[in-house]
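There are 2 protein chains.
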Amino acid sequence: MQVVMGIDPGAANLGFGIVRVEGNRMVALDGGVVETEAEMPIERRLERIHSALAELIEWHQPKAMALEDLYFGKNVHSAMSVGRASGAAMLAAAQRDVRCFVYTPQAIKKAVCGSGAAGKEQVQRMVATLLGLPELPTPDHAADALAVAICHGGGAGREAALAMAEGRVG
Amino acid sequence: MQVVMGIDPGAANLGFGIVRVEGNRMVALDGGVVETEAEMPIERRLERIHSALAELIEWHQPKAMALEDLYFGKNVHSAMSVGRASGAAMLAAAQRDVRCFVYTPQAIKKAVCGSGAAGKEQVQRMVATLLGLPELPTPDHAADALAVAICHGGGAGREAALAMAEGRVG
Numbered sequence: 067m068q069v070v071m072g073i074d075p076g077a078a079n080l081g082f083g084i085v086r087v088e089g090n091r092m093v094a095l096d097g098g099v100v101e102t103e104a105e106m107p108i109e110r111r112l113e114r115i116h117s118a119l120a121e122l123i124e125w126h127q128p129k130a131m132a133l134e135d136l137y138f139g140k141n142v143h144s145a146m147s148v149g150r151a152s153g154a155a156m157l158a159a160a161q162r163d164v165r166c167f168v169y170t171p172q173a174i175k176k177a178v179c180g181s182g183a184a185g186k187e188q189v190q191r192m193v194a195t196l197l198g199l200p201e202l203p204t205p206d207h208a209a210d211a212l213a214v215a216i217c218h219g220g221g222a223g224r225e226a227a228l229a230m231a232e233g234r235v236g
Numbered sequence: 067m068q069v070v071m072g073i074d075p076g077a078a079n080l081g082f083g084i085v086r087v088e089g090n091r092m093v094a095l096d097g098g099v100v101e102t103e104a105e106m107p108i109e110r111r112l113e114r115i116h117s118a119l120a121e122l123i124e125w126h127q128p129k130a131m132a133l134e135d136l137y138f139g140k141n142v143h144s145a146m147s148v149g150r151a152s153g154a155a156m157l158a159a160a161q162r163d164v165r166c167f168v169y170t171p172q173a174i175k176k177a178v179c180g181s182g183a184a185g186k187e188q189v190q191r192m193v194a195t196l197l198g199l200p201e202l203p204t205p206d207h208a209a210d211a212l213a214v215a216i217c218h219g220g221g222a223g224r225e226a227a228l229a230m231a232e233g234r235v236g
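Chains as they are written, first to last, in the numbering used here: chain S, 67 to 236; chain C, 67 to 236.
Think of the hints as simulated: they come from the structure by calculation, not from any bench. Incorrect hints may appear among the rest.
No copy is singled out in the list; a pair is fine if it fits within one copy or between any two copies.
Claimed, not checked - With a cut-off of at most 30 Å between alpha-carbon atoms, the simulated DSSO-like pairs for lysine-lysine come out as follows:
no., residue 1, residue 2
1, Lys129, Lys186
2, Lys186, Lys140
3, Lys176, Lys140
All values reported here derive from a predicted model rather than from experimental measurement.
Just need the whole structure built from these sequences, with the hints factored in.
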């Protein structure tokens, strides 16, 4: 059994998703968004992200934090902003001995959907299938965070969860 | 009197420089580099940066942290990396009620040298002059951090320090 915390980093909306990987099953334990207001000083927003994630880590005791890396389409300004949020998240992990792992959007899509070119909705549908959710996960950032967690917890676990969801096993 | 902590962010080498602005004088209290090894996991490197800066903040009790922003020449990958280090630094500030301020390299050069197009050595020489240092500040990252601190502490303080250094006043 391992618990993985997925993070879709952003200063305004940081998505998180917590997945338990247990043998051939994956279950969503938690998911949501840490929102911070644009009027707040940036350092306060980072502090809010850090403390919210620290609390979630205390609660769920994940073994690993998996973060979405930025894709190259973004500009330098937004990369700095996403990097800061990512740094605050990683720090919350490091201070509780949780190892961090970074995945590109392509790697995440490939792990979840089998193709690095999968669309947003396809990823959401696959996340719902793999985690046995009754409906598509929302908001987007939470769904993306669950996808990163699945990507990290994946491999054999993902294969088995998919087979179960499709009625091939169990 | 106000103490300003300048930061030149980077994951491998983060420069810091602490300047006391007192009426018409600016004095360098401290300066150096927090180095982290490339083999360390990124979250451990951020933790090292965070704890080193937390200690410096406890020691020098700055009123403000001034950080160099990234310029647009950089690529998205290095922007993410610089952003993470910047986030760890800002968090150390926020947790001790130190406000953060971000300046572009152009604004820093303009504040220190009077021109946004000043070269690296020109900035170093001006930092030495303004802070009354016997020689050019090294390493580069520490000099850059002192320059950001001067930029923030600047305005009237900078003008007066410059006039003193040139023997126009005092």
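Structure-based check of each hint:
1. Lys129 / Lys186: Result: close within a single copy only, 27 Å intra versus 44 Å inter.
2. Lys186 / Lys140: both (17 Å within a copy, 28 Å between copies)
3. Lys176 / Lys140: Intra 20 Å, inter 28 Å, cutoff 30 Å: intra and inter.
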